[in-house]
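Sequence lines, in order, name chains P and Y.
Just so we're aligned, residue 1 is where the first sequence starts under this note's numbering, counting upward by one.
Just so we're aligned, residue 304 is where the second sequence starts under this note's numbering, counting upward by one.
Among the hints, erroneous ones may be present.
[To be verified] Sample of chain Y residues facing chain P (criterion: CB under 7 Å; computed from the structure):
no., residue
1, Leu332
2, Ala333
3, Ala340
4, Phe347
5, Asn417
6, Val435
7, Ser440
8, Trp457
9, Leu459
10, Gly586
11, Ile601
These aren't lab readings, by the way, just hints derived from the structure by calculation.
Heads up, the beta-carbon is just placed ideally off N, CA and C, and yes, glycines get one too.
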Amino acid sequence: MTDLSKVLVAPPKAGLTDESEGMRYLERLPRKLVTVYLPLGIIVLVLLFPFYWMAITAIKPKEHLLDLNSHNPFITWSPTLDHIYELLFKTDYPLWLWNTMMISVAATILALLASIFAAYAIVRIRYRGAQLVGGLIFLAYLVPPSILFIPLATVVFEYGLFDTPFALILTYPTILIPFSTWLLMGYFKTIPFELEECALIDGASRWQILWKIVIPLAIPGLISAGIFCLTLCWNEFIYALTFINSTENKTVPVAIVTAFTDGDQYRWGSLMAGALVGSLPLVILYSFFVEHYVSAMTGAVKE
Amino acid sequence: MPEAVIREPAPAMAAPSAWSRLKVNRGWLAFWFMMPAAAFLVLFLAYPLGLGIWLSFTDARIGRPGEFIGLENYEWLVDDSKFLLAVFNTLFYTIVASAVKFAIGLYLAILLNNHLPFRALIRAIVLIPFIVPTVLSAIAFWWIFDPQFSIVSWSLRQMGFIKANVDFLGDAWNARWSVIFVNVWRGVPFIAITLLAGLQTVQPSLYEAATIDGASRWQMFRFITYPLLTPIIAVVMTFSVLFTFTDFQLIKVLTNGQPAGATELMATLSYNRAILGSKIGEGAAISTAMIPFLLACILISWFGLQRRKWQHGEAND
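Go ahead and model the full structure; you've got the sequences and the hints to work with.
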């Protein structure tokens, strides 16, 4: 076994850490090309193709859309902003985008505030039953919206919130709070308790400790939770579909499904432009905070 | 010990007033701190959950509070072929999609765990399908699966594999496989990235030791990677199964349960019955029928977590 002999012969490098080199010198490029790069390339291609197709459809001239044979469908030499122009100036799209943003931001802020208090109380005030409450919040995380929307629709109706943005602003936090509380609990646990002890000795109240010590130190956690919450709100569909009726109150995902499908003549260009413009804000936000996003996603699972 | 600090201060020179005592009382403080989250979760989660179960025993309709009718809704459902088909579809969809998502997700995680140039960038790109709202990417797939102008059909035709366009969403089994494909496409990034985080915590020295002992790649995976990854797999797959089982958006946008109910899931059926058909009681019964499945998932996750504690030799904290 040549690999083994090489391991035995190779002189141990001084100060070699697990992270840096390891057994990497055993890998050879041609082999890696087939076992790693090729499958990875195929998977990434499949993952990205729908977005490429969405984007290219959104900028293709109308007459090329349904004519796959006379032009190469994979590329366009005469890009046009017609569809996007139509979308932004001839439909209610900007309004829907505004609704989506406003509802997402409001729900995220509410959820973060509630989660900060709850997480702090569970981790640091440690009242009797805090463990149990933590467990219950985790269980709430596992209740999917699809089994709640029917009774919730009647609740929303009873409270007189039906067809108002508040129907969504107040119900989205139920999806967000369990997740962000759980995430923030993890962050708060990492903040040294000694800092709070000092503050307590100096006569700070719990409220001051929370706002002046704990929150500034937990900013990365708050960003992670906030971004994740924003994405979840933006993505939410079933509540928005059920609780909102009038066109001017709809959010992008719901509006786009109901508005651009007139009869059986689908306006593919506008539809794709709408999908593209609706996802761009999230993708841009995500590109700035990839690390926070990943840590939110994995942190919530690991805890 | 945190507890030591929070205890009320010992009575010093002057006896503190009732108010200042209350201000530092742990239970009282905790009550106010928990209040906002509890209000949201009780009003909009726990109460509707209970209400949903209650509604499933009534004949409520939109605009009319129902009367208690016992198990009648469920008795109807047992004989309802559409419901039974939806249960079959949901189970099929969940099992196949979750298994494929797990396999590809784990494979992708292992690929990404190699030393790659621009690994951070690749990881960021891989997550994009998970970021983009499901409805919007489903619309893109709707266009890709178009019966006449599908780019996939066109490419396959150009390459000479098929003569006529594939009817992706018009044929029962084609539609089932198409929605499963889209679900897998959307779910793989989440599983891959979370499992990658788990993989990165595995000590490379374990693999080095195994190599010296002459272990094959498969053996290394089977006896090092897999056991160390089980706890995180348990959690990730619970979430994945849970949300695949209760999937709604994808189906609603791509097929709306068509053709002839072949892709109708329990969630979409309950929407159709309760909101579109205004039979709230019946819809609630369908939703409630999903709960036993969800409980099973949660129990599996619970035992997965227990096992982690046992493996790491930690006390229950």
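Going through the hints against the structure:
Proximity of leucine 332 of chain Y to chain P holds as hinted, the smallest CB-CB distance being about 6 Å (cut-off 7 Å). Satisfaction of the interface hint for alanine 333 of chain Y is found here, the shortest Cβ-Cβ separation to chain P being roughly 4 Å, below the 7 Å cut-off. Hint status for alanine 340 of chain Y relative to chain P: holds, with the closest Cβ pair at about 4 Å, below 7 Å. For phenylalanine 347 of chain Y, the interface hint holds, since its Cβ comes within 7 Å of a Cβ in chain P; the closest pair sits about 4 Å apart.
This hint holds: asparagine 417 of chain Y has a C-beta 5 Å from the nearest C-beta of chain P, less than the 7 Å allowed. Hint on valine 435 of chain Y holds. Least Cβ distance to chain P is approximately 4 Å, under the 7 Å limit. Hint status for serine 440 of chain Y relative to chain P: holds, with the closest Cβ pair at about 6 Å, below 7 Å. A least Cβ separation of about 5 Å between tryptophan 457 of chain Y and chain P falls short of the 7 Å threshold, and the interface hint therefore holds.
Hint status for leucine 459 of chain Y relative to chain P: violated, with the closest Cβ pair at about 12 Å, above 7 Å. A distance limit of 7 Å between C-beta atoms decides the matter here; for glycine 586 of chain Y the minimum to chain P is near 5 Å, and the interface restraint holds. Given hint, isoleucine 601 of chain Y at the interface with chain P, holds; its Cβ is 6 Å from that chain's nearest Cβ, closer than 7 Å.
Taken one by one, the earlier hints fail for this structure only at number 9.
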